[in-house]
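Trainee: In case you want the letters, here they are:
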Amino acid sequence: MISVKNLEKYFGETHVLKNINCKVGDGETIVIVGPSGSGKSTFLRCLNLLETPSSGKIWFDDVEITDPSNDISKVRQKMNMVFQQFNLYNNLTVLKNITLAPIKLKKVEKKQAEKEAMALLEQIDLSDKASAYPSQLSGGQRQRVAIVRSLAMKPKVVLFDEPTSALDPEMTAEVLKAMEKLSQLGLTMICVTHEMEFAKKVANRVIFMEDGQIVEENQPNEIFSNPQSERLKSFLSKIL
Amino acid sequence: MKMFKKNFAILTICCVVLEIFGFGFLGLKARALAFETINEGVLTVGTEAGFPPFEYVGEDGNPTGFDIEFIKAVGEKMGLKVEIQDMDFNSLVASVGTKVDVAIAGMTVTEERKLAVDFSEKYYDAEQCVIVRENSNIRSSSDLSGVTIAAQLGTTGNILADEIVEKYPETILRTYDKFNNAVNDLRAERVDAIILDKVPARTFEKIYKDELKTIPGDEFDFEIEKYAIAMPKNNPALQNAINNAIAEVKDDGTYDKILDKYINADISSDSKGLWEQFVSSFIESNRFVLYLNGLLVSIEIAVFAALIGLALGMVLALMKIAKNRKGKRPIFSYIADFYIDVIRGTPLVLQLLIMWFIVMQSSKNGILVATLTFGLNSAAYVAEIIRSGILAISKGQMEAGISMGFSKIQTMRYIVLPQALKNSLPSLCNEFISLLKETAIVGYVALSDLTRVANQISSATYQPFMPLIGAALIYFVVIKLLSSLVKMLEKRLNKYDIC
Ligand SMILES: Nc1ncnc2c1ncn2[C@@H]1O[C@H](COP(=O)(O)OP(=O)(O)OP(=O)(O)O)[C@@H](O)[C@H]1O
Ligand SMILES: [Mg+2]
Numbered sequence: 001m002i003s004v005k006n007l008e009k010y011f012g013e014t015h016v017l018k019n020i021n022c023k024v025g026d027g028e029t030i031v032i033v034g035p036s037g038s039g040k041s042t043f044l045r046c047l048n049l050l051e052t053p054s055s056g057k058i059w060f061d062d063v064e065i066t067d068p069s070n071d072i073s074k075v076r077q078k079m080n081m082v083f084q085q086f087n088l089y090n091n092l093t094v095l096k097n098i099t100l101a102p103i104k105l106k107k108v109e110k111k112q113a114e115k116e117a118m119a120l121l122e123q124i125d126l127s128d129k130a131s132a133y134p135s136q137l138s139g140g141q142r143q144r145v146a147i148v149r150s151l152a153m154k155p156k157v158v159l160f161d162e163p164t165s166a167l168d169p170e171m172t173a174e175v176l177k178a179m180e181k182l183s184q185l186g187l188t189m190i191c192v193t194h195e196m197e198f199a200k201k202v203a204n205r206v207i208f209m210e211d212g213q214i215v216e217e218n219q220p221n222e223i224f225s226n227p228q229s230e231r232l233k234s235f236l237s238k239i240l
Numbered sequence: 241m242k243m244f245k246k247n248f249a250i251l252t253i254c255c256v257v258l259e260i261f262g263f264g265f266l267g268l269k270a271r272a273l274a275f276e277t278i279n280e281g282v283l284t285v286g287t288e289a290g291f292p293p294f295e296y297v298g299e300d301g302n303p304t305g306f307d308i309e310f311i312k313a314v315g316e317k318m319g320l321k322v323e324i325q326d327m328d329f330n331s332l333v334a335s336v337g338t339k340v341d342v343a344i345a346g347m348t349v350t351e352e353r354k355l356a357v358d359f360s361e362k363y364y365d366a367e368q369c370v371i372v373r374e375n376s377n378i379r380s381s382s383d384l385s386g387v388t389i390a391a392q393l394g395t396t397g398n399i400l401a402d403e404i405v406e407k408y409p410e411t412i413l414r415t416y417d418k419f420n421n422a423v424n425d426l427r428a429e430r431v432d433a434i435i436l437d438k439v440p441a442r443t444f445e446k447i448y449k450d451e452l453k454t455i456p457g458d459e460f461d462f463e464i465e466k467y468a469i470a471m472p473k474n475n476p477a478l479q480n481a482i483n484n485a486i487a488e489v490k491d492d493g494t495y496d497k498i499l500d501k502y503i504n505a506d507i508s509s510d511s512k513g514l515w516e517q518f519v520s521s522f523i524e525s526n527r528f529v530l531y532l533n534g535l536l537v538s539i540e541i542a543v544f545a546a547l548i549g550l551a552l553g554m555v556l557a558l559m560k561i562a563k564n565r566k567g568k569r570p571i572f573s574y575i576a577d578f579y580i581d582v583i584r585g586t587p588l589v590l591q592l593l594i595m596w597f598i599v600m601q602s603s604k605n606g607i608l609v610a611t612l613t614f615g616l617n618s619a620a621y622v623a624e625i626i627r628s629g630i631l632a633i634s635k636g637q638m639e640a641g642i643s644m645g646f647s648k649i650q651t652m653r654y655i656v657l658p659q660a661l662k663n664s665l666p667s668l669c670n671e672f673i674s675l676l677k678e679t680a681i682v683g684y685v686a687l688s689d690l691t692r693v694a695n696q697i698s699s700a701t702y703q704p705f706m707p708l709i710g711a712a713l714i715y716f717v718v719i720k721l722l723s724s725l726v727k728m729l730e731k732r733l734n735k736y737d738i739c
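For the record, the sequence lines run as chains A and B.
Under the numbering used here, residues 1 to 240 are what the first sequence spells out, in order.
Under the numbering used here, residues 241 to 739 are what the second sequence spells out, in order.
One thing to keep in mind: the hints can contain errors.
[Unchecked claim] Some chain A residues near chain B, calculated using beta-carbon distances under 8 Å:
no. : residue
1   : Phe83
2   : Ala101
3   : Lys104
[To be verified] DSS-like mimics (lysine-lysine), calculated; alpha carbons at most 30 Å apart, straight line:
no. : chain 1 : residue 1 : chain 2 : residue 2
4   : B       : Lys321    : A       : Lys78
5   : B       : Lys339    : A       : Lys96
6   : B       : Lys321    : B       : Lys339
7   : A       : Lys18     : B       : Lys568
8   : A       : Lys23     : A       : Lys106
9   : A       : Lys23     : B       : Lys648
10  : A       : Lys107    : B       : Lys635
Read the hints as simulated data drawn from the structure, not as lab findings.
Each residue gets a CB set at the ideal place from its N, CA and C atoms; glycine is no exception.
Next up, chain A with everything else stripped away, as it sits in the complex (with noise of 0.2 Å):
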C-alpha cells in the first residue's frame, strides 16, 4: 500500500532522513520507535508530505505522491493524521470536527456526515460531547476524537505520531485501547509511540530508527526479545 524508496529529508544543512527503504502492506500496523531526534515524526510527515523529502519516492496505493502532478490532497483524504497535540479544530464543536471534511471534501449529506459521526463518538462513549467546543474536553477525549475525526473520512492508512504522549497514564489506557481496535478492524497503521506494551501486543512489525535511519526492523518479539543490532540493544536497555 504505502512503499518508500530512498527517501532523504535535510532541514538546512541537517540530513534528517538518510536514505529510507520501506513497505507497509495492507491492514498491517507498523510502530516506529527511537531516541528523541532521530527523525520519526519528520518520517511520518514526509508519508504524507506535509514536510517535503529532499529526494526519494514515495507512492501511496501505485500513485506516486512525490510526484508535483499528482493531487497530494486527494490522497491524504485518504492518509490521515494524528497528531501529539491533537489540533482539534479549535472554532468547531465536536460534532463539527468529525463531520467538516466529509461534508466538504467527500460531498456527504449534512444528515449522513451527522449521524456517522454519532456512531462514531458512541464507540469512544464521548456523543454526551457531540455539542461541547474541543477545549472542554481532556486531553484523552480530545485525542480519541481526533482519532474518530479520521475514521470519519474512511481513510485507508492513519499516521498516528506520539498520541499519547502528551496524556497521563490513564488516558492513554483509554487511547491506546480505541488503536487496538481499530487495528483488529484492519485499518493500516503507521504509529510513532513509546508505548513499548502497544507495540508487542498490536503491532505486526516494529521499525527501530536512529540518526535518521531505518537500523531494524522486525516482528514485535523478535525486536524485544531479540534485538540483532548494538544501537537497538541499548535503546531497549534505556527504555525498559
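Put chain B with the ligands on the given structure of chain A with help from the hints.
Mentor: Showing chain B with the ligands alone in chain A's frame:
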C-alpha cells in the same frame, strides 16, 4: 533765531491760556472746540450688542466687537473718552442726539434712516457676490434654485446662502473652511456657485480667468450693506470731526488691525453664562438635531469604511502571508506589503484630500469618497491585525486541516481564519473605534459630521466652548460605550477560550 524764540514764547503762552480754559493740548483737542457732546469730553455711543462680530457682549460683560473697538479708536482720535450704551436697535436712531451722541451698530445707510439722522463716511462695506463657472447659466437669485451652492463657514455669504436654502429647499449648501476648497469644487463641478465677499471673489476671478466669473451681489438681491456711524442731523462740525477721525484710523492701520481681529478671524466669546451658552449651542433652533445628524454621518462613514476595511484587510493579510510551493513569498505578497506601508506611512487627512481632489475628482459624493478613503486606510491596519491573528494560531491547526485532505485555502477558510478573526475581534473593534474618531476630518470634503457640526455651531453662535466640548462629550460617550462593549466581548471570548 531771536524771532523764533519770540514766536515760541507766544505759542507757549497761548497754550497755557488754552489750557486754563480747559481745551487741552492745542494740536489734538482744538477740533473739539467745534462741536459739543452730551457729556463734556465724552463721546456717548449707542449700540445694540447683539450683532457679532460687530457688537456683542464680551467676556467682561461689556459690549465689544468690531464697531466698538472702531468707535473707541475714532473717539481717541477726536480726543474724547468713549462710553458705550447698549440699547434696543429700534430705539437707536431715535436716541441719537438726545440720549447718545452717535450710534454704531452695523447700521446700514438707508434712505429711511437718513430722514432721521446723518451718517458718517461708511466705514465698512459688506458686499457679497457670486462666483460661477464661465459657462454657467446662473444669473440671478431664482437660478440658484435646486443647484449646489457653497460658502465659507460663518461668513455673511453663509448667512445669505442659508436664506437661499430656506427659499429654495432643493438647493444644497456646502460650507468650507477655506475658500480655496470651495473654488476647487466649483471648478470640479461639485458646486455650482459660491457666495463670498467681493475681495476674495475678485482674486479668484483673476487667478481662473477663463474658468470662473463673478456676478455682483445685487443681481441676487444681496444688499450692499454700507455700515456708517449715525449722528444728529445738521451737525457738520461733528460730522467732519468724525470723518477726519475715521480717515486717521484707517490711515494709521488701526482699522486694519481691528478688521483682522474681528472680521477676518473667528471671534471667540464666552460672554454668556454656561447655561445660556448651553441653550444657544444645543437647544436654540433645535441644534441638537444637527449634532445627532453629524454623529450619524460619522457613524455611517465609520461603519461602511469598517466593512470595506475588514474585507480588504483580510485579503491583504492573506496576500501578505501567502507562500508558494517553494516556501517563498509571491510578488503579490510584496505588493500587499507596499500598500500597507504606504497607507500607514502617510497622514489620513492627505489621503482624504488626494482622493477628493485628485483620484475621485469627478465624484460629487463626499460620503462615498470619505467612506472609500477610510475603508482603504483602515484595511491596512486591519490587515496587520488579522495577519498577527493568523500567526498566533498554532501551526497544528493548519496541519490538521491539510492532513485531512483540505487545501491550504480551505483550511484557512474553515479553520484558521475563523479563529484568527475571533482572536482579533477586540483589536478589530478598537480599530473601528479609532476609525470613528478619525472621521472627524471629513469636514475637509465638506461633510457635516459631528466635529464639523460643532465647528459650524460654534461659528454661528461665536461660542466655541459648548459646541466643541459638547461634541467631544458625545464622541466620548459613544466611544466609551463601544469600548465597554468590546471589553465585555473580550471577557466572553476568553471564557470559551481555546487551549
Ligand atoms: N522544521 C524543522 N526544521 C529544522 N530542523 C528540524 C525540523 N523538524 C525537525 N528537525 C530536526 O530533525 C531531527 C529529527 O526530528 P524529528 O522531530 O523527526 O525527531 P523525532 O524522532 O520525532 O523526535 P521525538 O521523539 O523527540 O519526537 C531533529 O534533529 C530536529 O531537530
Ligand atoms: Mg517526534
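Trainee: With reference to the structure, classify each hint as holding or not holding.
Mentor: Going down the list of hints, with the structure as the test:
| no. | hint | result |
| --- | --- | --- |
| 1 | Phe83 | holds (6 Å) |
| 2 | Ala101 | holds (5 Å) |
| 3 | Lys104 | holds (7 Å) |
| 4 | B:Lys321 x A:Lys78 | violated (104 Å) |
| 5 | B:Lys339 x A:Lys96 | violated (92 Å) |
| 6 | B:Lys321 x B:Lys339 | holds (16 Å) |
| 7 | A:Lys18 x B:Lys568 | holds (26 Å) |
| 8 | A:Lys23 x A:Lys106 | holds (28 Å) |
| 9 | A:Lys23 x B:Lys648 | holds (29 Å) |
| 10 | A:Lys107 x B:Lys635 | holds (26 Å) |
In summary, the numbered hints that this structure violates are 4, 5.
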